[in-house]
Amino acid sequence: MIVEIGHYALILACCLSLIQGTFPLYGATKNHGRLMAIASPAAYGQFFFAAIAFGALMYAFITSDFSVANVARNSHTLKPMLYKISAVWGNHEGSILFWTLILSLYGAMVAFFGRKLPKTLHARVLAIQALVGLGFYLFLLLTSNPFARIYPFPMEGNGLNPLLQDPGLAFHPPLLYMGYVGLSVTFSFAVGALIEGRVDAAWARWVRPWTLLAWCFLTAGITLGSWWAYYELGWGGWWFWDPVENASFMPWLIATALLHSAIVVEKRDTLKSWTILLAIIAFSFSLLGTFIVRSGVLTSVHAFATDPERGVFILMFLFIVIGGSLLLFALRADKLQPGGLFAPISRESMLIVNNLLLTVGAVVVLFGTLYPLLRDALTGDKITVGPPFFNLAFGLLMIPLFLVMGLGPSAHWKRTDLKGLSSRLSFVFIASLMAAGISFYMAGGTEIMAAVWLGLGFWLLLSTLFEWANRIKLFKTGTFKRMVRQPRASLGMSLGHLGMAIVVIGIAGTSFWNSEYQGIMAVGDKASIGGYDLTFKGVDGMIGPNYTAVKATFDVSKEGTQLKPLHPQARVYLTPPMPTTEAAILSSFKGDLFVVIGEANSEKYDTWAVRLYYKPLQSWLWAGVALMVLGGLISLSDRRFRMGNVKRGGKTNVA
Amino acid sequence: MASAPLNTRAGKRKKKRFYLVLTSLTVLALAVGLVLSALEDSISLYLDPTDLIERNIPQGQHVRLGGLVAEDSFTKADDGLTYHFDITDGANTVTVVYKGALPDLFREGQGVVVEGAQGDAGIFIASEVLAKHDENYMPKEVIDSLKKRGLYKQAEEESL
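Going line by line, the protein sequences match chains A and B.
Position 23, counted from 1, in the first sequence is what the numbering used here calls 23; the numbers after and before it change by one each time, with no gaps.
Position 15, counted from 1, in the second sequence is what the numbering used here calls 15; the numbers after and before it change by one each time, with no gaps.
To be clear, the hints were calculated from the coordinates, so they are not data collected in a lab.
A hint or two may mislead.
As the list claims (entries may be wrong) - Straight-line C-alpha distance at most 20 Å; calculated EDC-like pairs for lysine to aspartate or glutamate:
1. 335/A / 266/A
2. 30/A / 196/A
3. 267/A / 638/A
4. 76/B / 417/A
5. 99/B / 638/A
6. 16/B / 269/A
7. 526/A / 606/A
8. 604/A / 79/B
9. 15/B / 606/A
10. 16/B / 417/A
11. 526/A / 79/B
12. 76/B / 638/A
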């Protein structure tokens, strides 16, 4: 019964989205107040019914109602509660329903926080948001009904891929989806502005918090996925340039570019049509990401669905949304008034370089991701594009980006004196070269690229700190007051850039100085890696809720000091039967010790295959990302961005 | 007047546009160059044993080889870390040697994809055994190749 209520609620939400997507849009062109006023209650109602639908599906999963096909395929009575809940979005139908729920949540948020927007823009943004939603409701109802029943129903479910049974992965999709779908708001604002024919500083101030919010979620979501791959797949890798990873990375790159170009629109009233275009591209990439992950066109661990019908629907949907908005852009972009001028050396032009490099980077990633499809279609050869391609092509693009990233915040708007800028920053540059050289020498590096990346990391770190110190006039009276009183957006920028610097240094460390040991160890054998001495003490059997495991014990010591023993596990899950490794990781400021136990190598179970890795500065990477997200959130709390406070200067657009 | 003098507003705008276009083109040209040179070295063809034999892939060329691990072909060398096994697509079989840790899901009769190159005496030297599988525990390329060779049975799909 509850399941049927969910299905019915989904249909109601679909109808509401049709109403919300049409009447307010028409009302806005006729300046008809009542028609426009439909948008907000429709958005709240849509969210209400989508939430009921999602709640009903969650209820079916929690109570293990195997008469629902989706639950029978993806759940199991023995699963811990957390994974019964995360299984709701761990499958195709449920994840699309979840996507749609978040879309309607953002719609309701825009309706609420955007109450003080000009009425026509408010109505148009909500209408566009609803039209995107309509596509997803139809997709669910026509091709992927999560509430479909089966008869006769099984007594037990199939279970979930054990690799996905992990707290990190339980929360990875919600965060990622909050990011993906958050870009829909920016998209709706962009299309709304194109219809209005007007983009100004106030518009940019309305759009920035939504972009920032989406960016924070996207950053956190991608990193959580990467962290999961790091500790769960048992190979110590954290980024594989896998199509699914790329699918989330491309919108991140574009969202990052958008974040920066919106600043230019807000402060300098220029780069308007470019910013609108970026907003469209960013959401297009997140739709494309959904398509890549959901359609199974590219082989990957995440490819849940291999149903071409759904693929065709998504492809058509993509065509309408992306093609339609780009067409609108082509028709209307010239209506946007061009704004302020700036010199070739200025903060604006550096932000343009940032935008160009990030966009080209996204295109390179897109090319590498889709090239196998292209090649397959043209020649029939099945190929894969490996990490060396991405590391080289994408990596080289990032070198000028990081160089400019150090300069940008210290440059002035409109026009900056290159001589002055370079003389102010030259000692920072030399200091970072020295820091990189010394650490490269001390760590015994061999590859020149390792030194280059370290240098870039230090340059970013020091130039960000230098700019911050200059801004608050460090060491002059009243420093503390200035430090506390500076706008949160500026503080957020500094933290974000600092986080990126730490990520770059971490990447250099873990990519160029990692070491590994693979071997067969008998009880009592010793091994050393990364300054740690390990002794294999033996294995025990253990029984988990839905798996059995071999749990090994390693004594660990460093320079004679005994540390806590490590317990890597090799698990075999019951449903579906599948072995997984649970690595034991000892994290420290300097690096991660990563221990994996493999199979028994003898009949008597006294020798075991063991893999040890040492990953220098691995934790810097996670810490740096955390700092970036923190910076984003602090920026978001800046009072200038509170939706209600922004007024369009002078020319109010009252309906 | 054919062109506005550079000190007017319109002239400045043109100059600005010119710089913009110039930078964009440079970045784009650089990117295209990088992409093409990087691509050459890092693509690897996916082949099944029949392809590998028929297409006369030269020794040392980096490829991916996929198929089923043949039953009763798996042996472990004395060092405990070097493995020999056969990969078959039903029509042809290639012997593979691999030194390193095997992924959790590696079993005889299972689908597998290995990366490496053809060595001496027709033995394929794998540098990597791919750990990733989709939820069906069978790499999609392997399914396609088995279908092509007419060996893929519906029953097999359900048991896997």
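Mind checking the alpha carbons of residue 526/A and residue 606/A for me, to see if they're no more than 20 Å apart? holds (14 Å)
Going straight from one Cα to the other, do residue 16/B and residue 417/A come out at no more than 20 Å? holds (17 Å)
Regarding the pair residue 335/A and residue 266/A, is the alpha-carbon distance no greater than 20 Å? holds (18 Å)
Holds or violated: are the alpha carbons of residue 76/B and residue 638/A at most 20 Å from each other? violated (62 Å)
Hint check: residue 16/B vs residue 269/A, CA-CA at most 20 Å. Holds or violated? Judged against 20 Å, a Cα distance of about 16 Å means the pair holds.
CA of residue 99/B to CA of residue 638/A, is that 20 Å or under? violated (56 Å)
Against the 20 Å threshold, does the CA-CA distance of residue 15/B and residue 606/A hold or violate the hint? Judged against 20 Å, a Cα distance of about 76 Å means the pair is violated.
Is it true that the CA of residue 604/A sits at most 20 Å from the CA of residue 79/B? Cα-Cα ~17 Å, so holds.
What's the verdict on residue 267/A and residue 638/A, does the C-alpha distance respect the 20 Å limit or exceed it? holds (15 Å)
Hinted pair, alpha-carbon criterion (20 Å max): residue 76/B, residue 417/A. Please report holds or violated. violated (68 Å)
Hint consistency between residue 526/A and residue 79/B [alpha-carbon to alpha-carbon, up to 20 Å]: holds (17 Å)
Residue 30/A and residue 196/A: Cα distance at most 20 Å? Cα-Cα ~12 Å, so holds.
In this structure, the hints that do not hold are numbers 4, 5, 9 and 12, in rising order.
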